[in-house]
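Protein chains in written order, with the numbering used here: chain Z, 1 to 287; chain L, 1 to 308; chain U, 1 to 500.
Keep in mind that the hints were calculated from the coordinates and are not lab data.
Please read all numbers here as calculations on a predicted model, not as lab measurements.
A virtual CB, placed ideally from N, CA and C, is assigned to each residue, including glycine.
Do not take every clue at face value.
Derived, one-sided and incomplete: chain Z residues facing chain L with beta-carbon distance under 10 angstroms [to be verified]:
1) D127
2) V219
3) A223
4) G224
5) G240
6) F265
7) A270
8) L273
Computed, partial: chain Z to chain U, Cβ under 7 angstroms [as the list claims (entries may be wrong)]:
9) E73
10) L74
11) G229
12) R247
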Amino acid sequence: MSAAIDTSPVPATKRNPLRRALPFIILLALFALAAVLAPLVAPYDPNAQNLLGRLKPPGTVARNVHYLLGSDELGRDLLSRLVWGARISLLVAVLSVLISGVVGTVLGMLAGYLRGPVEMVVMRVVDVFLSVPAILLAIITVAVVGPGLLNVILVLALTRWPRYARVAYGQTLSIAGRPYVRLSAFMGAGPLRVLFRHILPNILGAVTVVATLEFGLMVLFEAGLSFLGLGVQPPTASWGAMLSTGRNYVATAWWIATFPGLCLFLLVLAANLIGDALRDRLDPHSR
Amino acid sequence: MTAFLLRRLGQALLTIFGVATLIFFLQRLTGDPTYLLVPDTATQADIEALRHALGFDRPLWVQYLSFLGEIARFDLGRSVVQNVPVADIIASRLPYTLALAAGALLVACGIGIPVGVALALGRDRWTARILAGLVLAAQSMPTFWSGILMILVFAVTLGWLPPSSTGGIDHLVMPSVALGLLSMATFARVTRTALLEELSKDYVRTARARGAATGRLLLRHLARNASIPIITVAGLEISNLLAGAVIVETVFAWPGLGQLTVQSILARDFPIVQGVVLLGSFVTVALNLLTDLLYTVVDPRIRLGGAR
Amino acid sequence: MAHMLKPALLGAALTLVAALALSAPAAAKDRFVVDLVNEPSTLDPQLQWNPDSYYVYRNIFDNLVTRDDKGEFAPQIATAWKVLSDTQVEFEIRDGVTFHDGSTLTPEDVAFSVSRIIDPKLASPQQGQFDKIVKAEATGPHSVVLTLAGPYPALLAQLVKLSIVPKHVVEAVGNDAFNLKPVGSGPYKFDSWQRGVAVTLTRNDAYWGTKGPFATAVFRAVPDAATRLADIQAGSADLAVSLDSDLAGQLEASGKGKRLYTLTERLAYLRLNPTKPPFDDLRLRQAVAYAVDKEGITEGILGGLDKPIGQMLTPAHFGWFEDIPGLPYDPDKAKALVAEVGGSPKVEIATGAFFDQRVVQAIQQELADVGFDASIKLVDTPTFLKLIQQGAQGGPALAVSRSSCACQDADGALYQLFHSGNPWTIVENKELDGWLDDARATLDPDKRLTDYRKISTFIAKEIPVVPLFQTVAIYGAAKPLQWTPTPNESLFLNRMSWSE
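Full structure from sequences and hints, please.
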């Protein structure tokens with residue numbers, strides 16, 4: 001057999017794909033822990049400035065302050081800002097995914113199950129939102145409501161819910177037609193009961209896959225908004241804002257951008273890998 | 001069939017109308033550009049005069065109706081900042097965005113597809129895994145970060161490529177790579193999935209059983225069948241790329257629509273933002289309509305949707 | 001014969017030197033590339049008001065008068081001017097100036113340019129700077145008379161910004177076409193404009209004054225500061241505008257370029273709202289003035305280039321006094337004042353994206369250190385402008401801002417900020433109004449100075465504003481570029497030179 005390519009199929013992995021992602025799940029948990037325990041973990045006040053100790057490399061000691069990872073452009077301890085930044089970046093991602101996920105899934109389910117005018121209105125609104133590029137919508141909305149942590153979360157949720165709605169809608173359509181669902185409705189179960197008892201559990205898998213992938217995207221989005229000057233308010237430290245400021249110092253004070261960049265990168269990578277593994281586990285068709 | 005067509009057309013028009021309204025009112029909520037256009041020494045009278053000349057002192061609903069009227073006439077208005085027709089500005093920037101999107105797609109496919117093939121065929125497990133890891137890593141970095149790193153390495157330190165702006169094909173390289181990084185992993189994944197799907201089909205097994213001579217024929221069939229989902233994904237990725245272009249264009253000073261729109265939003269140049277968003281939604285809606293029509297041709301069951 | 005030898009030797013020596021100089025590689029620079037922040041919005045000098053546009057069009061058009069590198073008024077299109085009466089000034093127009101299309105510049109063109117900019121139909125954003133001019137008339141083959149609404153001491157300062165456009169071209173092609181293909185009389189001709197990419201100018205070899213050193217000049221738009229820096233370092237741009245002190249420091253350290261800087265007439269300041277709490281209490285206003293460490297900020301963060309000031313004027317302005325320093329940095333006094341008032345006064349510092357956020361964060365920290373509950377409210381530039389144009393009652397409690405009048409005269413710097421009735425105004429005070437109106441209605445410099453002294457003393461005592469520092473404009477340049485940036489931030493190509 002001198003086949004140029006070996007076309008024998010790869011044996012499907014019999015192990016749980018989530019095991020592959022285990023190290024990253026642990027990483028994610030570590031980040032979450034740092035975020036929750038920030039006041040205890042961070043060595044110094046993340047907003048304490050020292051104008052004479054600006055741009056000090058990692059390892060410097062100045063005025064009794066150990067800058068383990070260096071100091072930023074206002075002399076603040078980078079490590080402390082990194083730890084508190086975990087809080088902001090995770091909060092933004094988690095809350096925006098949660099809000100957009102819940103709103104989108106509910107609306108999508110209602111549209112897919114109730115059909116008729118509900119379907120028309122919801123799906124048309126979804127269409128409108130999906131035809132505007134998300135980042136432009138985000139920028140315009142931030143220009144209206146102003147920047148800030150809460151506003152960023154709401155804006156991100158506002159621009160992403162249609163994605164969940166579309167997935168939930170499609171899945172609901174296919175499940176709603178199944179015999180046991182129709183039977184349950186025929187037997188007198190109200191629409192809410194049908195939705196939450198029968199449909200939701202079945203579409204949760206697909207929605208969760210979307211959610212994990214959206215999580216990484218939300219982290220990147222927040223960084224993008226900070227880059228454009230529309231993110232969280234200074235002096236709050238989010239990894240995205242630190243990375244964006246640190247960009248201007250890459251050649252000389254590389255630590256200001258590199259450490260937040262690394263953390264951001266690992267967080268998004270972890271989210272993407274976990275999402276991939278979840279997708280493999282929950283939906284064998286797309287292996 | 002015609003009823004269905006008309007209904008979808010109606011929905012498409014409704015969507016565009018919805019987008020226009022959303023953008024119009026959303027922008028008007030931020031005020032108007034007059035404050036940005038006048039010098040520090042302007043008096044209230046000066047500001048009012050300019051506001052009147054630009055038409056921003058009319059009641060909101062009057063401005064809205066005038067706006068709708070202009071769209072109906074396919075007139076996108078005049079830029080407030082640049083004083084030229086919006087259509088001209090968009091026409092001059094559109095080719096750059098298209099070039100960037102094409103370049104990025106090329107990069108994403110050029111790297112993503114081979115990685116996907118390698119993963120599916122599983123020849124060298126470890127290299128494939130590492131490549132897959134790299135590709136996924138590329139998708140996990142903010143583009144403004146990878147962008148400035150590339151500029152530092154390839155333009156400032158090595159001097160191989162120009163750092164920004166447009167000029168020749170060498171100016172397109174770094175922005176295309178920076179943007180293409182966003183989609184590589186997606187193409188790798190889709191290619192791998194599609195190929196695995198094909199490989200498990202009967203005709204492959206029979207071909208293998210029959211021996212090596214069919215190797216090349218197999219390759220052609222495989223490629224053809226696996227390419228359908230890849231092309232579908234390419235279509236979806238284009239909108240992702242266009243969104244990601246906004247930041248890449250700003251970092252690399254690439255004169256495309258993304259950069260134009262961001263700056264117009266920040267400068268409150270309403271007509272340009274409206275023009276770009278309407279153009280984008282028109283294209284999206286038209287593409288959706290086309291795909292839906294193709295699906296109805298392929299699958300008659302969908303035509304009958306709506307009944308319970 | 002001997003007396004012919006010396007000049008002959010001299011001539012030979014000079015020729016030798018010249019030959020050597022010419023044979024040196026690229027002593028002249030053909031293509032000069034400038035990185036701007038945004039592309040010009042229009043090149044019609046009368047249709048907009050932003051630096052990105054006038055960096056470019058000031059090279060295409062001549063102005064009526066100009067300022068030399070030291071900041072003094074110098075003739076340009078007007079060679080001399082004579083005050084005929086309180087309301088009439090006569091300008092003598094230069095001979096031998098031609099527009100880029102070959103036609104001669106006449107007093108009719110000058111009169112037309114003035115009339116065009118004050119015409120309400122054009123709706124020029126600059127109209128407010130010239131509306132004290134009622135009429136412009138060509139009164140002879142070389143003279144133009146401007147009629148004013150009243151005595152206007154800042155006339156010359158404003159005329160520095162008036163570009164002369166060719167009457168016959170504008171009338172023939174109309175405003176829209178003129179905007180796309182501007183024709184002026186300046187040292188550079190408009191060549192082409194690739195929207196979003198670059199504006200290209202070519203040297204006007206028939207220019208009446210100092211000719212430009214570069215055959216072509218290209219102005220590009222590069223919005224990101226880090227990218228502008230990379231352009232200079234990689235050699236793809238020769239001049240970049242708007243770099244901050246840290247970026248400029250990196251440029252110097254890398255050895256791949258140099259920084260050029262100048263103090264400008266822009267000043268950074270804190271504006272307080274004395275009509276509402278917490279700053280309706282003079283003690284808290286004083287506390288703010290004592291709390292801010294201007295030198296710490298300029299030395300520590302801004303690289304020592306900007307200069308702390310005590311008045312709402314810079315030494316470059318007419319009407320500045322050396323002996324009005326304002327309150328010094330004294331955090332203990334500030335703490336005492338805040339403690340006296342009691343509680344932890346809540347203050348939100350409003351600021352716009354255009355302002356250096358490092359400075360804002362330092363100020364917030366300093367206010368917090370003395371007992372204020374200070375937070376930052378950062379909004380984008382248009383929103384910020386809207387916030388501070390609400391008049392004296394509606395303005396934010398505390399805002400960090402920057403002001404500029406591009407006129408180097410106290411009237412332009414102070415009037416719109418302190419005279420009631422203006423959207424930007426910070427206080428409404430009858431006495432202040434009186435002094436301001438007085439100072440702008442007379443041509444007598446001593447009388448004006450007396451008024452301005454009273455005004456600045458009032459401001460220093462009542463503290464409706466805390467002036468911070470005179471800002472510096474930092475440019476990144478390729479090493480061979482020889483150029484002295486000017487305080488009014490004009491980018492005159494024909495004042496630059498290139499030495500390889």
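Comparing the hints with the structure gives:
no.: 1; hint: D127; verdict: holds (4 angstroms)
no.: 2; hint: V219; verdict: holds (9 angstroms)
no.: 3; hint: A223; verdict: holds (4 angstroms)
no.: 4; hint: G224; verdict: holds (5 angstroms)
no.: 5; hint: G240; verdict: holds (7 angstroms)
no.: 6; hint: F265; verdict: holds (5 angstroms)
no.: 7; hint: A270; verdict: holds (9 angstroms)
no.: 8; hint: L273; verdict: holds (7 angstroms)
no.: 9; hint: E73; verdict: holds (6 angstroms)
no.: 10; hint: L74; verdict: holds (6 angstroms)
no.: 11; hint: G229; verdict: holds (5 angstroms)
no.: 12; hint: R247; verdict: holds (5 angstroms)
Checked against the numbered hints above, the structure violates none of them.
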